[in-house]
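Student: Take these sequences, add in the hints, and give me the full structure.
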Amino acid sequence: MAHNTGPKNIFVVGAQCTGKTTLVKALQEHFSQPHDRSSTLSFSQPPVTIHEVARKVLKKYKFTREDITTSPIRALQLQERILEAQFEAENAVSRGDWYISDRSGIDPIVYASVFVGEEAAEKLFASAAWGKLEEKMKAGLVVLCEVGWDWLVDDGVRLIPKDLGDWAKVDAAFRNLLKARGINYTVISQDNPDIYERVAIVTDAHKYQH
1 MAHNTGPKNI FVVGAQCTGK TTLVKALQEH FSQPHDRSST LSFSQPPVTI HEVARKVLKK
61 YKFTREDITT SPIRALQLQE RILEAQFEAE NAVSRGDWYI SDRSGIDPIV YASVFVGEEA
121 AEKLFASAAW GKLEEKMKAG LVVLCEVGWD WLVDDGVRLI PKDLGDWAKV DAAFRNLLKA
181 RGINYTVISQ DNPDIYERVA IVTDAHKYQH
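Using full-length UniProt numbering, the letters of the sequence shown map in sequence onto residues 1 to 210.
In short, the hints are calculated from the structure, not lab data. You can take every hint at face value.
As a list, the in silico BS3-like pairs of lysine-lysine whose alpha-carbon atoms are at most 25 Å apart:
{"hint": "1", "residue 1": "Lys-59", "residue 2": "Lys-123"}
{"hint": "2", "residue 1": "Lys-123", "residue 2": "Lys-169"}
{"hint": "3", "residue 1": "Lys-132", "residue 2": "Lys-8"}
{"hint": "4", "residue 1": "Lys-179", "residue 2": "Lys-138"}
{"hint": "5", "residue 1": "Lys-179", "residue 2": "Lys-136"}
{"hint": "6", "residue 1": "Lys-132", "residue 2": "Lys-179"}
{"hint": "7", "residue 1": "Lys-179", "residue 2": "Lys-123"}
{"hint": "8", "residue 1": "Lys-138", "residue 2": "Lys-169"}
{"hint": "9", "residue 1": "Lys-136", "residue 2": "Lys-123"}
Tutor: Here's what the structure looks like:
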């Protein structure tokens, strides 16, 4: 079996409103610069970006953010749809390409765990889609954006925590489930909001793992 010698895929994960999408955009720009590609990793192709699939699922299947907190059945259905959409998005990347993903397969499982329960999370962990996604996460670089109160912005779509404690539960669930599944991750601290420094942390970790 041939080993993949290309760049590792990058997964940017974490609770809502932690700067994930901003970081993904900055990383895409960084890796799209020819001098960055040649000097840091010696590869020729910039990464594909997998944009957040949850918003598309919410719109397509007419879910609302209230479904997450008021209806366990709807909440689980939503996370199942998001998990499947993430699998399809990663599977659609052409062979030989690499990607930066805004979210990952573990994100919907974290939300199922927090807002539905452990049985719901275990159901998603047992799915065929998760089995494939987990392999890719373990082979890639997982970046966890830490929660920080100053990051909160209500866009009318994302679930907004009632308080810092509620938000911290999601952050803790990410850490606990990543650890439980044996998935290593790099933390981007809430105390480091500078986007250039955040990019440098990720690119340094990426070089180390390459």
